[in-house]
Amino acid sequence: MNIFLILSVIFPIISGALIALFRFNKRRVREVYVLSATLITSLLVVLALFFTDDLTSFYIFSITEKLPIMLRLDGMGRIFAGLLAFLWPLAVSYSLEYMRHEGQENTFYTFYLITYGVTLGIAMSQNLITMYSFYELLTLVTLPIVMHGMKEKNIRAGQKYVVYSIGGAAFAFIGIMAAFYYGGTTDFVYGGIFHSSMPSVAVGVIRFVYVLVFLGFGVKAAIFPLHGWLPAASVAPTPVTALLHAVAVVNCGAFAIMRVTYYIFGTEVLKNSWAQYLCIIMTAITIIFGSSMALKEQHFKRRLAYSTISNLSYMLFGAALMSPMGLTGALSHFVFHGIIKITLFFVAGIVLVKYERAYVNDLFGFGRKMKVTFACFTIASLALMGVPPTIGFVSKWNLLTGAASENSWTGYIGIAAILVSALLTAMYLLSIVVKVYFPGPSFDSKTIDDIKDPGPLMTVPLIILTITMILLGMFSNGLVSYIQKVAEGIIG
Amino acid sequence: MNDFLYDFCSIGISFETDRFRLLYFAVTTFVFLMCTVFCREYMNGAHSKARFYTFWALTYGAVCGVLFSGDFFTLFMFFEIMSVTSSFWVLHEENEESDYAGRLYLRISIACGLVMLFGIVILYHVFGTLGFSEIRLIMEQGHGFDEAPLKAAAFMMFVGFGAKAGVFLLHIWLPKAHTAAPAPASAVLSGILTKTGIIGIILTSSVLGLISDESWGRFLLITGVCTMFTGAFLAIFSINLKRTLACSSVSQIGFIVTGIACMVLSGGTFEYSGTLLHMLNHSGIKLILFLIAGGVLKKTGSLDLNAVRGYGKNKPWLMIPFAVGALSISGVPGFSGYVSKTLIHESIEMLPHSTLTEAANIIFTVTGGMTLCYMLKLFVCLFIEDGRAKHAKPLNVLSTTVVTLSALPVFLAGVLPKEFAKIPKQAQISEYVSVMKSTEGFAEVAEMSWFSWLTMKGGLISISIGIVLYFLVVRLLLIRKKAGKRVYINALPFWFDLEKYVYRPVFLVILPFICALFFRILDKSTDFIAYFFKTNVFSAVRKKRKDKVGKNGITYVLGTVLDFFTRNKYHDEKKSFTERLAVVAAQTGEMARNLERSLSLSMLMFSVGLLITLIIMLIKIS
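Line by line, the protein sequences are chains A and B.
Residue 16 in my numbering sits at position 16 of the first sequence, with consecutive numbering throughout.
In my numbering, each number is its position in the second sequence, counted from 1, plus 1000.
Think of the hints as simulated: they come from the structure by calculation, not from any bench.
A portion of the hints provided could be inaccurate.
[What the hints assert, rightly or not] Heads up, simulated BS3-like pairs for lysine-lysine below, C-alpha to C-alpha not over 27 Å straight-line:
#, chain 1, residue 1, chain 2, residue 2
1, B, LYS1482, A, LYS151
2, A, LYS296, B, LYS1500
3, B, LYS1425, B, LYS1437
4, A, LYS160, B, LYS1524
5, A, LYS296, B, LYS1524
6, A, LYS371, B, LYS1524
7, B, LYS1049, A, LYS446
8, B, LYS1500, A, LYS435
9, B, LYS1524, A, LYS153
10, A, LYS354, A, LYS153
11, A, LYS296, A, LYS160
12, B, LYS1422, B, LYS1437
13, B, LYS1049, A, LYS435
14, B, LYS1049, A, LYS452
15, B, LYS1049, A, LYS369
[Unchecked claim] Across the chosen pairs, the derived CB separations fall in these ranges:
#, chain 1, residue 1, chain 2, residue 2, range
16, B, PRO1512, A, THR56, 53 to 61 Å
17, A, ASP450, B, GLY1301, 29 to 37 Å
18, A, VAL372, B, VAL1502, 35 to 43 Å
19, B, ALA1050, A, VAL460, 20 to 28 Å
20, B, PRO1394, A, ASP450, 41 to 49 Å
21, B, LEU1412, A, ILE463, 47 to 55 Å
22, A, GLY103, B, GLY1301, 39 to 47 Å
23, A, THR64, B, PHE1532, 40 to 48 Å
Since the model is a prediction, treat every value here as computed from it, not as a measurement.
Each residue gets a CB set at the ideal place from its N, CA and C atoms; glycine is no exception.
Using the sequences plus the hints, can you model the full thing?
This is the structure:
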């Protein structure tokens, strides 16, 4: 039943393109159309998850004989695709209410749907060349929605985004060449296509290329010197920042890095080499850097963007540990961070679009009126800090134990960074929580008289996400053991 | 159900129970019950009652979870939940003081909780499990565990638990938070929540095989002694009713930690008895005292000693419970505190003699006296001195009953020391039982003759020190005449605040500054490199060098040659090839530079390069 693979990639792209063609005039029709298209896609993904096996792949076409574009769902792809299928409908539901305030909805939904298909393409890629193609495509299709407002600052942010991403992808391209030259294939194989028995010159080159690829895909995962585009891109409408810049696009970067690390380069040639050390150090710096900047930042969405930078590097750190336990941690944070961060962004978007409060200091007393919204925010904050029994704790625990099992400085440096960052996380999120619930004695309650919770299109996704955060945390065993099997190469 | 517990958070939680836990569960329930009933009058007319009671119930659940946890993960989880939910009590009043204290409390508990998590991760790495009994089993079977990571883990757990208990250097939040919270909450914070930290320390020491570990014991002893002295010192100089009680809590926690240090150093049950009894005492006594302080606040609207003076006059049902609590905590013979303090004191004396134990012994005696001193200060202020507060209304019948009922167990324990001293034998903590050296201590405790001169000697010395201190320090230093009235003054200099003038500057100013500087430099480095290239290599703005026209070597030579052949005899500048070629060269050069500087060209070149590599690759492969 491989047809589901191609369908779930093609369907949203076509249905997105149709909006551009027909340009709905009636809001109601468009909203129903967009929501049902998203739901159908998610349904297709779910069908694909259940009815395709790991071995067969869907062949689309070949660039040359040895460069086929193929789709396949293996363990890691399933995790990503499942996450997307869960979050995308919620984000669309949220954006239906949000975009009423922004305008130009036809253009927006066109690309929003196309992005869904492209991101699924990345999740379902069978080989590096396919992933690379979708990856480049992703930059292009997300550009219009980053520049959505078409004001000066939006265009600036868009330019920055494109320059960073294209430049990064070029680095990544070198990886494809290396894979071909030394490995003869670009297929994803658990354990990688290179072996340490290769000539030492080749190993040296491969390690060098790995660092380039790590940096290249690291652009989307906002690794330290290349993070600049992410905070800038928070000028985009919140459904974009929430879904793309907290989950889909940035996770694609992290996903690509995990893919190339474990499925192309392989831990065998990389472990305990300078390449690994460099990556570990970079991620550790990014973890602390992101959190520190978030603490300093007063703009709500930019604060969350910096927090994303820090959390993405948790995943990259786990990936760079080059051990199954590290990958387990990375993948669980990959899933759980997405769920948490999208919730936080949703809340930031609600206060921004409804009441035009962009800064953290404008939110005094809001928790008293927007009860549902900020209850969700509080729980999500605790989850991101890693308070048990939420999902944040589970992933942090997996990362920490993975790092501790390394028994070397590479692990401990990461543990230290993660714990310091967790403390900073507590400070930059709980300071908001305290502000919204305890505005202080000099607070004038008249200023929040007309504040109230948004409509069900926004609150229902928030509630679903929040409940997921707690329940999935408590009953995480199934998912975590699946991830563990994927990381150990038993599945896929 | 078992599966659920096993799979929880994919680590699994487990519970266990023993007599000790059941006893403490009973104490917790009693304290919560008394406080809840007291809330009826105290919270009458207060705002956000629903929120308060929600977090009240949640915290009760979390405390029970902490008590009955069977592994470090469960312990950690409930501990964190407890920290978060109880912080809402501290934040409850929503004034400046509670805001400050609540944030401080949250910060400290979360930071130290994370340190504890680090310790737990190390434990998990070393043992592969977190269950108390499993770790004990592995410890007994296995050999050659690396000491260093275990000690490091134990220290980190100590930081986490110690922060909640309020040990020295981590106590800074405690006086502020306990003062800011509503009185029933203060009673629970002080009576129960600090004890969860203590229980954590006992568990850590026993499970990780640190009993009879010399260095660990010494560390605990030093910390305990410092804590008790600091707390008592601050309590004497405090002129706020609840703050005095809160500082007293710090001091009493110091006594308990000292007791644990003796347990660790000797591994006996005599020391265990002292520690456990003092924990029980402190829970009970702080319940009475904080409830009374709450009543005073409710009726007089203030906690300042000058404003509440004489409130207790003609209110015997307030005075008797307060007297029971105060005398008991001061260790006066005939009251329950005397039993536990004597046991801890004896424990210190039984330790092998060294400078440290000698010093600990002396400080213990002095601090015991200081306890009496500050309690006397409160008692005199509330019940003997005259003041306007005299006419304030008494508590209603229900609250008075609660206060009296709370005092009853403490009173009974004091009257029946023999029976009271038997409790530890009945309520042993199973983790400690499996590692202790001998059980002879219980017999020794049972044989103590509580009212013999020898036993009472230490207590009586403390009491006399306390009375002397009261007249020297409180009457002479703290009370001054102002406008014909004798008032309590704040005798400590304003900078005497570890948190405000050491921690805050270090953690909120100096450290962030250094980090910010470091990251600012790193953050700007990319921009700087770009800027550097822009201004130097790809410089966009260059001065036009008119004077150089004609001085370009090639064009000059070429132009001269051409000039020669065309026989340009007029020496007309405009027609001279030298000049014309030079201008053309300059223009071409500029255009080329402009082009090469533009981003689009670099992208174009990049794409061309990419394309070429792609083509080469494709040819090579196919």
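Checked against the structure, which of the hints given earlier come out wrong?
-> The structure conflicts with hints 1, 6 and 22, although it agrees with all the remaining ones.
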